[in-house]
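Participant: Chain by chain, the residues run as shown.
Protein chains: 2
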Amino acid sequence: MTGPTAALSTRERLIFAAIQLFWEKGYANTSMSDLLTAAKANSGSFYHFFPSKEDLLLAVLDTYFTMLYPQMLAPAWEGIDDPIERIFALLARYRMLVLQTECTYGCPIGRLALEISPEQEEVHRLLAKNFDGWTAAVRGCLEQAADRFPPDTDHERLSEFVLVVMEGGVMLSRSHRSVKPFDQAVAELRAYFNRLQESAKTIRKGKGD
Amino acid sequence: MTGPTAALSTRERLIFAAIQLFWEKGYANTSMSDLLTAAKANSGSFYHFFPSKEDLLLAVLDTYFTMLYPQMLAPAWEGIDDPIERIFALLARYRMLVLQTECTYGCPIGRLALEISPEQEEVHRLLAKNFDGWTAAVRGCLEQAADRFPPDTDHERLSEFVLVVMEGGVMLSRSHRSVKPFDQAVAELRAYFNRLQESAKTIRKGKGD
DNA sequence: GTCTATATACGGATAGAC
DNA sequence: GTCTATCCGTATATAGAC
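Protein chains in written order, with my numbering: chain H, 1 to 209; chain F, 1 to 209.
Please keep in mind that the hints were generated in silico from the structure rather than gathered at the bench. Treat the hints loosely; a few may be bogus.
Note that identical chains are pooled: a pair holds if it fits in a single copy or bridges any two copies.
Unchecked claim - With a Cα cut of at most 27 Å, we get these calculated BS3-like pairs of lysine-lysine:
id, residue 1, residue 2
1, Lys-25, Lys-53
2, Lys-129, Lys-53
3, Lys-40, Lys-25
4, Lys-180, Lys-129
5, Lys-25, Lys-129
6, Lys-40, Lys-201
7, Lys-25, Lys-205
8, Lys-40, Lys-180
Using the sequences and the hints, build the whole thing.
Facilitator: Right, dumping it as C-alpha cells:
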C-alpha cells in the first residue's frame, strides 16, 4: 500500500475485491471470474501476483490483521476512554455491521474459520492470529480496568469469552435474520460484567474496613 | 426411516452421506460425485428423490432437527438428573466431538449458518429452527432449576447465551487446533452460572429472615 | 506488468433405457 | 426405482504475444 490517497495497485485491488467477496460469498463460492471482474484485472495479472487462489486468501488474512486497529478498533474507540465501555463499543460496532447487512452479517474471520479445511494449516494459523489480535485488544482493556474486577479475574480467558459471545451472537442473528439474538448475547455479557464489578466493589469494601 | 435395524434406503443413504460430507467439507465443497460415491447411489437415483442439491440440504436439516433429542440430548443426559449439570453435560459432549476430530470440529449447523447465502431463506429458517430446538432444551433445564437463579433471570436469553458460548468456543478451538479456547469459554460460563446461583442464595436468605 | 485465448477438469443436472 | 452416458456451463490455471 502506498498511502490513503494513492490509486490502488492491481495487487491491492485484487486483495480488496477478495476481502469483499470472501466476506459476502465465502472462499469456495467466490470464483476467479467474480474476483477478476470486481478487481478489474485479468487472469494474467492475477497469476503474476499470486501463485494460486489460496495465496490470495493468505494475503487477505494478512491485510485483515493489519486493518484490525485502524479499521475496527480505532473507529470503535473514538471518543471513548473508559476501558470497559471500549469493549462494549467494539461490540456495538459489530451490531452496526449486523444492521447494515440486514442481519445477514457473518464475521469474515469466523466464517473462514468454519469453512476452510483444517488441512490448510497456514490459513488457520492466520485465522487464529486474527482472533488473537482481537482478544489481545480486549485483554488490554480488561487490564486497564483490572481494579474494577475481582482480583482473581483471568483476563485472557475473559477476553476470549468476549470474542466467543460476539461470534456466536453474529451467527445466531444471521440465521434468525434478526439483531435480537446478538443483542441478547451482548446484554447477557453486560450482566455478567456488572456482576463481576459489583463483586469487586464488595471485596474492596471488605478490605477497606 | 423404517427402524433402527432395517437396512437404509437409498434416500436415507443419501441423507446420511450428506450429513457426513456437509459437516466435513461444507455444502458448496461437497460435490454430487462425492455424495453419490459415499451413498453408493447414482445420479438417476438422486434426482428421483431430490429435485436439487439444495433440497437434499433441507432434508438434512430436517433430519438434524429430528435427531437432536435421540442423538445429542439423550446421550448427554444419561445418568444426569440435575438440570444445571445437564447443560454442562451437553457442552461436555461437544468437547468430546472437538477431541474426536483433533480439534477440527465445526458445529454442522453453525457452519452452514455462516456458509449458506442469506437468499436461501428456507435453509436459514431450518437452521434457526435447529438452533431454537437446542436453546429450548437448555431453557427447559433452566426452568427446572429456576429457584436456583435470581428471580429476574431471563431463561430465554440465558439459554441462547449458552448456545452462543458453545458455537464461539467450537469456532476458536478449530482455528487454534486446541481444545483450550473451548474449555476456557465453558469455564467462564460456569463461573457466571456459579455467580448467578450464589446471588440467588443470598437473595433467598434475605427473604427468609 | 497486462492482455486474450484457451487448456483441462469438474460442477450440477438430465435423458432415456431397463 | 436404478442405471449409464452425457449435456453444458463454469472452475482454476496456463500459454504466449505485447
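Participant: The structure should be examined with respect to each hint, and the outcome stated for every one.
Facilitator: Structure-based check of each hint:
Taking CA atoms no more than 27 Å apart as the test, Lys-25 paired with Lys-53 passes in both settings, with 15 Å inside one copy and 18 Å between copies. When the C-alpha separation of Lys-129 and Lys-53 is checked against a cutoff of 27 Å, the pair qualifies only within one copy, where the shortest distance is 20 Å, while the shortest distance between copies is 35 Å. In this assembly of identical chains, Lys-40 and Lys-25 lie within 27 Å of each other by CA distance solely inside one copy; the values are 18 Å within and 31 Å between copies. Only between protomers do Lys-180 and Lys-129 lie at most 27 Å apart by alpha-carbon distance; the minimum there is 15 Å, versus 29 Å within a single protomer.
Taking the shortest Cα distances, Lys-25 and Lys-129 sit within 27 Å of each other both inside one copy (22 Å) and across copies (23 Å). In this homomeric assembly, Lys-40 and Lys-201 never come within 27 Å of each other (Cα to Cα): the closest approach is 58 Å inside a single copy and 64 Å across copies. In this homomeric assembly, Lys-25 and Lys-205 never come within 27 Å of each other (Cα to Cα): the closest approach is 53 Å inside a single copy and 54 Å across copies. In this homomeric assembly, Lys-40 and Lys-180 never come within 27 Å of each other (Cα to Cα): the closest approach is 38 Å inside a single copy and 43 Å across copies.
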